[in-house]
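*Asks:* Could you build all of it, start to finish, from the sequences and the hints given here?
Heads up: the protein sequence lines correspond to chains A and B, in order. Just so we're aligned: 112 in our numbering is position 62 of the first sequence, and the numbers increase by one with no gaps anywhere. Just so we're aligned: 424 in our numbering is position 374 of the second sequence, and the numbers increase by one with no gaps anywhere.
Just so you know, the hints here were simulated from the structure itself, not pulled from any lab data. There's no promise every hint is true.
Pairs count within a copy or across copies, as identical chains cannot be separated in the list.
As the list claims (entries may be wrong) - Restricting the straight-line Cα-Cα distance to at most 27 Å, the calculated cross-link-like pairs of lysine-lysine (DSS-like) are:
(1) LYS73 - LYS52
(2) LYS327 - LYS73
(3) LYS439 - LYS406
(4) LYS330 - LYS52
(5) LYS52 - LYS327
(6) LYS458 - LYS398
(7) LYS330 - LYS439
Protein chains: 2
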Amino acid sequence: MKPIIEIARSFGINEDHLELYGKYKCKLDLSLGEELQDGPDGKLVLVTAMNPTPAGEGKTLTTIGLAQALNAIGEPTIAALREPSLGPCFGMKGGATGSNKAQIIPSEDINLHFTGDIHAITSAHNLLSAMIDNHIFQGNALRINPQRILWKRAMDMNDRSLRNIVTGLGSGNGVVQETGFMITTASEIMAVLCLSQDLIDLEQRLGQMLVAYNESGEVVTASQLGAVGAMVVLLKDAIKPNLVQTIEGTPVVVHGGPFANIAHGCSSVIGTKLSLKLAKVVVTEAGFGADLGAEKFFDIKCRQAGLIPSASVLVVTVKALKYNGGASKLELDQPNQQALELGLPNMKRHIENIQKFGVPVMVVINHFASDLMEELDLVIDYCRSLGVKVEISKVWAEGSQGGLGVAKTLTEILNQENANFSTLYPDNMDTQTKIEQIVREIYRGAEVSFSPAAVRSMNEIERLGFRSLPVCMAKTPYSFSDQPSLLGAPEGFTLHVRAVSVSAGAGFIVVHTGNIVTMPGLPKSPAAEQVYLDEQGEVVGLE
Amino acid sequence: MKPIIEIARSFGINEDHLELYGKYKCKLDLSLGEELQDGPDGKLVLVTAMNPTPAGEGKTLTTIGLAQALNAIGEPTIAALREPSLGPCFGMKGGATGSNKAQIIPSEDINLHFTGDIHAITSAHNLLSAMIDNHIFQGNALRINPQRILWKRAMDMNDRSLRNIVTGLGSGNGVVQETGFMITTASEIMAVLCLSQDLIDLEQRLGQMLVAYNESGEVVTASQLGAVGAMVVLLKDAIKPNLVQTIEGTPVVVHGGPFANIAHGCSSVIGTKLSLKLAKVVVTEAGFGADLGAEKFFDIKCRQAGLIPSASVLVVTVKALKYNGGASKLELDQPNQQALELGLPNMKRHIENIQKFGVPVMVVINHFASDLMEELDLVIDYCRSLGVKVEISKVWAEGSQGGLGVAKTLTEILNQENANFSTLYPDNMDTQTKIEQIVREIYRGAEVSFSPAAVRSMNEIERLGFRSLPVCMAKTPYSFSDQPSLLGAPEGFTLHVRAVSVSAGAGFIVVHTGNIVTMPGLPKSPAAEQVYLDEQGEVVGLE
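*Replies:* Dropping the structure here:
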């Protein structure tokens with residue numbers, strides 16, 4: 051591992067702009083972005099994927115490996131990634147820093163408290179919660195309706211017992227209230243931090259967050275609670291992008307990690323924009339598959355931040371294609387040409403969808419040892435028949451050397467193909483039409499049904515003046531539809547919108563389909579049981 | 051502000067042992083303590099105080115100023131302080147880093163997230179909570195009795211609504227349970243961290259923590275939940291002492307900050323022991339007045355860690371003496387010789403109490419602008435009549451220059467008077483007798499009444515084999531008695547013990563008198579409302 055000062059220096063960053071957290075992690079001061087603001091931007095590449103499956107597609111891994119490979123062929127590249135959340139590390143999945151020869155380090159620090167960003171968000175979130183309840187308890191000058199508090203509490207832990215709780219029991223302990231906790235990555239503050247352009251924008255967005263309705267049915271904002279100044283102070287370091295490195299010394303900006311269902315699932319705008327000033331190419335990722343991740347990256351992050359993506363990489367695996375073609379998850383290692391062929395339309399639809407945004411796309415097959423040559427050839431031939439470039443990536447096993455083909459092809463696209471980016475829908479369109487357009491053009495459903503509550507909320511959104519906000523779809527990632535078991539490329543389905551809500555600080559309308567859990571639980575055997583510090587002081591069990 | 055590397059170097063600490071958090075904060079690697087373990091120890095000085103009053107006595111301020119003054123007269127000194135908790139910063143009191151010319155810096159960072167220690171403790175605490183509930187939810191192999199769960203949740207926030215809550219409501223959301231949150235500084239893990247000698251000790255103590263009773267009435271420990279390895283991993287950096295500096299460049303180890311009622315209220319053993327290897331004199335403080343703070347420092351921290359204090363400084367103020375003599379808190383600025391004289395017995399009792407531990411004591415009058423010469427002389431003459439050295443401290447206004455007299459007198463005591471430290475009671479004594487001895491000898495009450503529940507708990511403690519643990523009194527800090535309004539030097543009162551519980555990891559028996567609140571609330575106008583980041587990016591409102 052090289053000192054992070056050296057990594058920064060190799061991309062022209064002076065030590066004065068670094069705030070070190072040990073020798074191998076640092077934050078980049080916001081003044082760096084200000085100094086570079088008139089310089090040219092690098093090219094922005096989105097790494098997205100087909101619909102995720104239980105086998106894991108390796109989107110983060112591919113992003114890391116691709117950044118390494120681009121540097122290896124002489125293209126100065128930075129990867130811009132999301133920060134892992136503690137909760138899931140101790141639940142089902144372990145860490146989230148790539149693995150083997152395509153990983154970011156020091157991975158155990160990044161997976162644990164890192165530079166404290168998520169803890170800061172938790173604190174800011176819960177300070178606001180405490181100030182709302184205290185306001186009511188101390189006389190309720192704003193006439194907040196205790197039955198209509200929108201703001202819950204947050205914790206970076208998988209704890210199902212906190213999903214639905216009653217607080218304020220007992221004398222002198224506040225106002226009795228039915229509420230709950232979400233995991234911190236689902237907090238609107240995480241989305242706000244990731245979409246803010248600077249501290250002033252952060253302050254404005256925090257102030258706009260809706261926390262409750264008052265007795266007259268008007269909305270109450272965080273600004274009215276007097277909480278914003280203290281929240282900004284709590285977040286003043288969290289808003290600075292973190293710099294770490296890959297195992298090959300490629301710089302990686304790891305900053306922010308909002309949920310990909312009720313939020314937009316992308317790393318921070320500040321981190322992305324700063325990276326674009328520092329590198330020729332910036333490779334970034336978005337949560338889940340392209341139906342959710344890429345659509346939100348384009349329609350929310352790029353729209354709000356004025357970012358222009360130059361290309362997109364669609365990660366697929368032979369296993370995931372077979373799964374989408376009907377193979378059971380226990381047989382994905384087995385040859386199954388029929389399932390593979392049946393799964394290809396899933397990939398095809400994602401390709402077409404990305405092209406609708408005017409962004410050139412290439413396919414990367416993340417290689418597994420069980421993949422057969424015939425299977426790989428089938429996927430490659432299919433892509434070529436669609437006129438889409440495709441490469442096999444072996445970055446897990448080989449690091450940058452396993453990604454040279456991808457890097458070269460991507461560079462050709464960046465040099466030769468002109469992106470003509472546009473969002474899917476304009477700002478000035480009502481919420482219902484925006485939703486219907488996404489369902490029709492991206493998901494390819496036949497129609498959308500709206501619950502009466504959703505209709506009421508959409509009317510309320512018009513009334514409150516939030517019409518121009520983009521929509522943020524909260525949908526199962528496993529299917530184009532709202533039914534997780536409807537794999538492949540389903541058509542003719544109805545998408546059911548259960549509820550619609552406003553994240554006024556983040557600046558989007560959340561569209562709830564199905565039952566989205568914002569507080570995960572622990573499995574029967576939590577990963578935490580296998581985590582320990584060995585005698586050399588090394589963390590075991592977090593990868 | 052000097053770079054922290056320079057501060058460390060001036061006390062012989064090599065850069066290799068530092069983990070930097072920016073330029074002005076660092077953690078000291080545990081290997082430093084191991085390397086120095088055969089070297090000589092400096093002298094340990096406890097700064098304590100008379101009973102606290104609403105006027106504030108300036109114990110932390112005096113500790114900081116004294117360390118500066120000792121360095122100024124050529125005695126290499128480190129101050130060892132507690133870390134501020136976020137919750138209170140946004141509630142009533144603002145920050146906790148001293149002020150004006152006797153403060154530690156960067157104060158806003160120290161008052162906010164600092165190096166993340168308290169966040170790490172919150173995470174470890176709530177991971178255990180989640181694993182307990184998940185264990186029950188997933189089949190309850192340990193047969194935990196959901197009605198007898200001892201372990202609650204923790205958050206570093208003042209939020210009264212979380213004191214009493216019901217969790218696990220709704221289908222699939224765990225087991226319904228009446229529980230609550232405490233502020234993180236009240237977590238047993240904070241006490242464990244502060245009393246641990248090293249990582250192995252930490253692991254053992256965490257494992258010993260009692261989390262519940264099972265259906266057979268036997269205790270269930272954190273170790274049985276399989277949570278300890280992950281908790282140690284979460285705490286692996288939090289256990290390393292933090293180094294910062296005073297405004298005059300005196301090194302200060304700021305590490306750990308447990309509650310001073312249900313816990314022992316002292317900074318970490320690791321930080322204190324390391325400081326003793328690095329400096330000729332280590333000045334440290336304990337929470338509240340000497341009846342609670344000094345007693346626990348001697349009987350819990352020094353007993354467990356094998357520390358031998360060489361002297362003690364008792365901080366008094368003219369205002370606090372008047373208040374203890376009956377003056378109202380609005381009139382403490384006014385001359386009131388009668389109240390002052392009536393308050394002196396409070397100071398006298400604290401002096402005698404400290405002497406009972408065989409520790410030489412001097413009085414420091416923390417000077418306020420409103421103090422009259424006659425008032426100061428009265429206190430000085432009274433101390434001299436007791437044969438106790440006394441000095442006026444003006445460190446708030448003048449920094450080290452205002453503490454030279456204190457520093458010189460303290461140095462004389464350290465050079466001339468021999469401490470003959472002993473704890474108040476032996477390990478091998480039953481809990482009830484330990485409590486009675488403290489009440490008789492320190493508080494000077496006439497008797498102790500035990501509730502039936504307390505008696506049952508003490509019997510249970512004998513049965514479980516915790517007899518040898520010291521007791522940790524949870525009592526109002528405002529009076530020697532358990533009645534906050536009984537000021538001065540009350541006698542003849544009965545102390546009522548409401549409940550007794552075991553902190554088996556921390557290694558003490560908590561004795562609950564009165565109603566101790568472990569989750570504070572916010573006041574009508576929270577300090578948070580006045581906190582903001584100014585246009586230069588400086589934090590306003592946290593001091």
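*Asks:* None of the hints should be skipped; say for each whether it holds.
*Replies:* Taking the hints in turn, this is what the structure says about them:
Within a single copy, LYS73 and LYS52 get their C-alpha atoms as close as 9 Å, and across copies as close as 19 Å, so both meet the 27 Å cut-off. Proximity of LYS327 and LYS73 under a CA criterion of 27 Å is satisfied in both settings, with 24 Å inside one chain copy and 25 Å between copies. Taking the shortest alpha-carbon separations for LYS439 and LYS406, only the intra-copy value of 17 Å comes in at or below 27 Å, while the best inter-copy value is 84 Å. In this assembly of identical chains, the alpha carbons of LYS330 and LYS52 lie at most 27 Å apart only when taken from the same copy (22 Å versus 37 Å across copies).
Proximity of LYS52 and LYS327 under a CA criterion of 27 Å is satisfied intra-copy only: 22 Å inside one chain copy versus 32 Å between copies. Proximity of LYS458 and LYS398 under a CA criterion of 27 Å is satisfied intra-copy only: 23 Å inside one chain copy versus 82 Å between copies. Taking CA atoms no more than 27 Å apart as the test, LYS330 paired with LYS439 passes inside one copy only; the shortest distance there is 22 Å, against 70 Å between copies.
Checked against the numbered hints listed earlier, the structure breaks none of them; every hint is satisfied.
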